[in-house]
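> Whenever a hint applies, use it, and build me the whole structure from the sequences.
In order, the protein sequences belong to chains A and B.
Under the numbering used here, the first residue of the first sequence carries the number 1, and numbering increases by one thereafter.
Under the numbering used here, the first residue of the second sequence carries the number 1001, and numbering increases by one thereafter.
Please note that the accuracy of each hint is not assured.
[Unchecked claim] Cut-off 30 Å, straight-line C-alpha distance, at most; resulting in silico cross-link-like pairs (DSBU-like, lysine-lysine):
{"#": "1", "chain 1": "B", "residue 1": "K1111", "chain 2": "A", "residue 2": "K200"}
{"#": "2", "chain 1": "A", "residue 1": "K361", "chain 2": "A", "residue 2": "K496"}
{"#": "3", "chain 1": "A", "residue 1": "K511", "chain 2": "A", "residue 2": "K578"}
{"#": "4", "chain 1": "A", "residue 1": "K298", "chain 2": "B", "residue 2": "K1328"}
{"#": "5", "chain 1": "A", "residue 1": "K281", "chain 2": "A", "residue 2": "K200"}
{"#": "6", "chain 1": "A", "residue 1": "K279", "chain 2": "A", "residue 2": "K41"}
{"#": "7", "chain 1": "A", "residue 1": "K231", "chain 2": "A", "residue 2": "K276"}
{"#": "8", "chain 1": "A", "residue 1": "K476", "chain 2": "A", "residue 2": "K371"}
{"#": "9", "chain 1": "A", "residue 1": "K336", "chain 2": "A", "residue 2": "K276"}
{"#": "10", "chain 1": "A", "residue 1": "K298", "chain 2": "B", "residue 2": "K1111"}
{"#": "11", "chain 1": "A", "residue 1": "K298", "chain 2": "B", "residue 2": "K1129"}
[As the list claims (entries may be wrong)] FRET-style restraints, in silico, Cβ to Cβ:
{"#": "12", "chain 1": "B", "residue 1": "T1295", "chain 2": "A", "residue 2": "N309", "range": "39 to 47 Å"}
{"#": "13", "chain 1": "A", "residue 1": "I356", "chain 2": "B", "residue 2": "Q1234", "range": "53 to 61 Å"}
{"#": "14", "chain 1": "A", "residue 1": "S441", "chain 2": "B", "residue 2": "S1073", "range": "36 to 44 Å"}
{"#": "15", "chain 1": "A", "residue 1": "Y317", "chain 2": "B", "residue 2": "Q1234", "range": "57 to 65 Å"}
{"#": "16", "chain 1": "A", "residue 1": "K200", "chain 2": "B", "residue 2": "S1088", "range": "51 to 59 Å"}
{"#": "17", "chain 1": "A", "residue 1": "S159", "chain 2": "B", "residue 2": "T1115", "range": "24 to 32 Å"}
{"#": "18", "chain 1": "A", "residue 1": "V352", "chain 2": "B", "residue 2": "T1227", "range": "36 to 44 Å"}
{"#": "19", "chain 1": "A", "residue 1": "K336", "chain 2": "B", "residue 2": "S1190", "range": "29 to 37 Å"}
The set of hints was computed from the structure by calculation and includes no laboratory data.
By construction, the Cβ of each residue, glycine as well, lies at the ideal position given by its N, Cα and C atoms.
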Amino acid sequence: MNNSFNNIIFLLGFPTLLISQSVTDSVTLEEVELFESKELKHSIGIRYDLLERTSSNFSYSNSFDKLLEENTTIYVKSYGALNTPSFRGTSASHTLISWNGIPINSSASGLTDLKLLPSNGFNNLGISYGGNSTIFGSGSVGGTIHLNNIPFFTKKTNSNFTIERGSYGLSTNSLSVEKSSDNYYYYINYSHLRDSNNFKYNYNNEVRENIHSFTEGQTLISNFSYLLNTKSVFQFNYWNTNLFREVPGNITVPNSTAEQTDKSERYLFTLLNNFKEFKFKVNHALLFDNLYYIDVPKQINSFYEGITNISEFNLDYNHKKIFTNFNLSSLKNDLKNSSYENLKQSDLTNSVYTSISYQSKIITNEFSLRKEFNKSINHPFIPSYSCELKLKNYRLRGRINKNFRSPTFNDRFWISSGSTGNMSLLPETGINMEIGLDFNSKIMRYNFTYFNLNVDNWILWNQQDNGIWMPENIRKVSSKGFESKINFNINIHSLKIQNEFNYQYNLSINKIGIDNLDASVGNQLIYTPINKANFNSNFTFNDYNFIFNQSFIGKVYTSSDNLNFLNSHYTVNLTLIKKLNILNSDLILKINNLFNLDYQTYLNYPQPGRNFVIQINILT
Amino acid sequence: MKKTINKITTLILVSVIISSCSSDLPEICTFEYSDGGYFVTNEGNFGSGNGSVSFVSIDGIVQNNIFECVNSSTLGDVVQSMTIIDSSAYIVINNSSKIEVVDVETMRTLKTINTVVSPRYITQVSNTKAYVSDWQTNSIHVLDLNNLEISSTISVGNGPEKMIYSNGYVYVCNVGGFGYEKTISIIDVSNDIVINTVEVGDKPNSIVSDANENIWVLCGGYTEYDTEWNVVSQTAGSLVKITGNSIVSTFNFDVGNSPSDLVINDNGTSLFYSDGSWSKNVYKFNISDLEITTTPIISRSFYGLGYNDGYIYGSDAVDYVQNGWSYKYTESGTIVDSVQVGIIPGGYCFN
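Structure (C-alpha cells):
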C-alpha cells in the first residue's frame, strides 16, 4: 500500500512533493492514511495539481489571486474590491472553495472572494480541475480549490516571520509557528495586510490614480491536532478573517463611496479513528460569515450575517483492493440579510454519498453516488465514474460525472423594490466528461486533459418585462477544451532550471437564447478566455533563485454577442530570491508587470502597472 | 532528449510571442451625421462603464459607439439620456456623474460637466438656461447655456427625473428613487423658484405636454413593504391630467401593473405608453379620450419608448449583456424597421 500510495502521488504529477515530504519525514503508514485529504482520495481520473509556496516553485506571492494567475489556467477577474476565480469556461459561482473538506463559498452569493484567502495560511493547497459534486456537493462544477492544514507528528519546531513591502502602500506582516511532537501538532498563522492600492493608470490620455481602494485586515489560522492513541486523532481548526475595503468604482466613476467589511470565523472539530480495515471520521464545522456594505451618500446600508453548521460522518472500509466510502452530512444555513423577506432565511440540506473503488497496480475504477435532500429544492442523483490505467511511465485517466449547483440564498430569497428572488428555481446540473494522459520520466512530466462539460438550467438574473430583475434557469452552456502541462528540468553544471508550461484552450458556448433575437447563442461566454497560458522558469544557482513568470491571457468578450472584448495580454513577473546566512532567511525581490502593460481582466477596471515587492522571510 | 527539450522550449516561446502579438487593433471610425436621423442612448452595464450612443440615419443605417470613436475615450457608466439644445447635444451619464456636451454633427466633446452627482435628464427652459435633474440630491440644477456652468440649484421632491417645459413653467417628476414619492414640482423658470408641489399618483415616472398646454403625468404605482419585506400595500398606476396647477382628471390602471414611458405625438394629440404587469404592451390614448383602452397597438415589451415624426420607437435590451435593438413602428403599430444598437438601449433623442 505504501508503494501504491506513493505511486499515486508521483503519477499525479505534483510539482514537488510537499505531502510526501511530510510523509517520508514522519510517521507510519497508518497516520499517512489518516491525513489523506478528501480530495486526494477522490481525485481518481482527474487533473489534480498541488500548489506550493516554496522557493522551489514558481510563485512567491502572498496574494492568492497572483498565485492562481501565475501557476494555473484559472481565470481571475478583478473588479471593485472583488477577485473571483473561474475554471473551464464556467463562472465564479461554479468554483468551490473547500477548507479542510468544508465548503466555504458564501451561501448568500455562491461566490468566494480570493482577497479573503491568505495564500500562506495553509500547508497544502490543491486544485481539482473539473467538477466533483458527488463528493463535495453544490458548486463544484468547473473546479475546486482546496485549502488544507495537514498536521504531522515528528518532533519539530518551525517559525516563519515574513515582512512584505511593495509599491502603492502594500504592507503585509505575517508570523507562523509550527510545533509538533510524537503526539501533538500545533500551527498558528497570523497575518496583517494593509494596501492603499493607489496605482496610476492611463485613462483617456491622462494619468489617473486608482482612488478609494484602501484595504486593511487580518487573518488568524490555526490547527491543533492531538494523537489520542496510535489509531485516533482529534483535530481543531480555526480561521478568523476581518477585512475592511474601500470599493473602487470603474474608471468612469470618479467618486465611489462604497465600503465593505468582511468578518468571518470558522471552527472545525474532527475526530478520526483507524480500526484495521475501518476508518471513522466525525466532524462538525461552525462557520460565521458576515459582510457589511455601506455607501452613505447613496443611502445603502446592507449586510448579511450567515451561520452555517455542517456535521459529517464518514466511514471508510478497505478490504484488499476494494475501497468503499460512505458519508452522511447535514448542512444548515441561517442567514440574516437586509434584502431578504423577514430579513432572515434558513435552509437545511441533508446529503448522503457513497463510493466504491477497485485499486490495483494497473487499473483503478471508482464509482460514487450522491443524493441531497432539501424540502424546497428537488435534487437529482449525482453519480460519478472514474477510471485510471497505469502502464510504466504512462497513466491514462478519465471521469464521467454529473455536477450541480443549488440556487443560492440570493437567488431564492432576495427582495428589493427593483428585484426579487425566485423560489421555484431548479438546481443547475451538468455532465462533465474528461480524459487525460500523464507521462512521467526523470527529465520531464507531461499532462494532457481533454474536457467536455455542460451546465443546464444555468441561472441568470434577467430583467422581466415589468422592469423587475429576477433569476431564472435560462442558459444551457457547453464548455470543452483541453489543458496541457509540461514540467521539465535543465541542469547546466550547478545551474538548475525548472520549467513549467501550462496551456488551456477552452470554448464555452451558450446554447439557448432567451428569445430569437438573443445573439449570445453559439457565442463564447463573457469573461472566458479561449486561450490562456503561463510559462514559468525557476533558475537555481548556489544561494540564488531567479523566477521568470510569463502569463498570457487571450481575448475575453465582455458582451454575450461577442462584439465587445478586452484585448489579450501578456505579462511578465520576475522574482529574485537570495538565501541569507543570517537568521536562516530569504530576501525576495519581485517585479510584477515588468513591461508596465495597461491591461484589464474586467471591463474598465485597470490593473497596476510595473510594481515592486520586497519580502524578507525569517525561518527558525 | 536535450534536443527535444530545446525544441519544446522554442515552440513554447514562439507560441507565446505569436499569440501575444495578435492583439486586435482599435477600429477606425468616423461619424457621419445626417438630417432626419435619431440618436439612441445605450446605458451599458451598471458598474462596467460601457455605455454608448448610437446614431440611426433616416435610411436606417446605424453607427454605434459614436462618442467613443470620435473622441477616443470611454463615455461612461449608465448613459441615461441625451438632449439636443441648438447645435449641441448633452449626454447625461448617471453613474459617472457627468454630462458630456458635444457638437451634434461631429460628436466632438465641447465640454464635460462634472459638477452634478447623479444627473438624469436635461431640459431647455429658455435661451440661456437648461435644467438638470439630480436624482441623488433631490434637486434641479440650473445650467447656464452660455458658459456651461451650474449657476444655481433648486430643491425639489425625492428622486427628480423627467421634466417638461410648458408655457414658462417646468414640471418635474419626483419619482422617489427606490422609495416612495407621489409629487411633481412646478418651477417658474423666470426666477427658478418652486411655485407649487402637486400630489399626483404614486411614483410619477414620465411627463408630456399636449397641444392644449395640458400636462400629462404617468405614475407607476407603488408597492409598500415593511422592514421585513412583507407587502403592506400596493397602489395602482395612473395617468393624470394637469391644467395649470391642478389635476383635472385621473385615469387608473389595474393594481399590479406598472405603466411607464409616456410619450406624445408631434401635434400633441395622442399619448403612447407601455403598460402591463408581467409582459407589457404599448397603448395609445387620445387626449380627448374618456377612458384608457385595453387594446394595445403594439403587443410587445420595450425597455424604452420614443416618438418622432409619425413613428413610434421601442428598444429591446435582449439579455442585457449584448447589443440591443431599436424598432420603428407607424402610429397604428405596423413595424417599419429594426436596427441593432448598443448595450441596454434606454433612451431616444430626436433633433
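> Compare the structure with each hint and give your call.
Tested hints:
1. B:K1111 - A:K200: Since the Cα atoms of K1111 (chain B) and K200 (chain A) sit roughly 24 Å apart, the hinted pair holds (cutoff 30 Å).
2. A:K361 - A:K496: violated (33 Å)
3. A:K511 - A:K578: Since the Cα atoms of K511 (chain A) and K578 (chain A) sit roughly 52 Å apart, the hinted pair is violated (cutoff 30 Å).
4. A:K298 - B:K1328: violated (37 Å)
5. A:K281 - A:K200: Given that 30 Å is the threshold and the Cα spacing comes to 52 Å, the pair is violated.
6. A:K279 - A:K41: Distance ~13 Å between K279 (chain A) and K41 (chain A) Cα, so the pair holds.
7. A:K231 - A:K276: Since the Cα atoms of K231 (chain A) and K276 (chain A) sit roughly 9 Å apart, the hinted pair holds (cutoff 30 Å).
8. A:K476 - A:K371: holds (23 Å)
9. A:K336 - A:K276: Given pair K336 (chain A), K276 (chain A) is violated - Cα atoms ~45 Å apart, limit 30 Å.
10. A:K298 - B:K1111: It holds: about 26 Å lies between the C-alpha atoms, which stays within 30 Å.
11. A:K298 - B:K1129: holds (28 Å)
12. B:T1295 - A:N309: 39 to 47 Å: Hint violated: Cβ distance 57 Å, outside 39 to 47 Å.
13. A:I356 - B:Q1234: 53 to 61 Å: holds (56 Å)
14. A:S441 - B:S1073: 36 to 44 Å: violated (54 Å)
15. A:Y317 - B:Q1234: 57 to 65 Å: About 59 Å separates the Cβ atoms of Y317 (chain A) and Q1234 (chain B), which means 57 to 65 Å holds.
16. A:K200 - B:S1088: 51 to 59 Å: The hint (51 to 59 Å, Cβ to Cβ) is violated, given that K200 (chain A) and S1088 (chain B) are roughly 33 Å apart.
17. A:S159 - B:T1115: 24 to 32 Å: Between S159 (chain A) and T1115 (chain B), where Cβ atoms are some 56 Å apart, the hint is violated.
18. A:V352 - B:T1227: 36 to 44 Å: Distance hint for V352 (chain A), T1227 (chain B) holds at roughly 39 Å.
19. A:K336 - B:S1190: 29 to 37 Å: violated (53 Å)
Going down the numbered hints, you'll see the structure goes against 2, 3, 4, 5, 9, 12, 14, 16, 17, 19, while the others check out.
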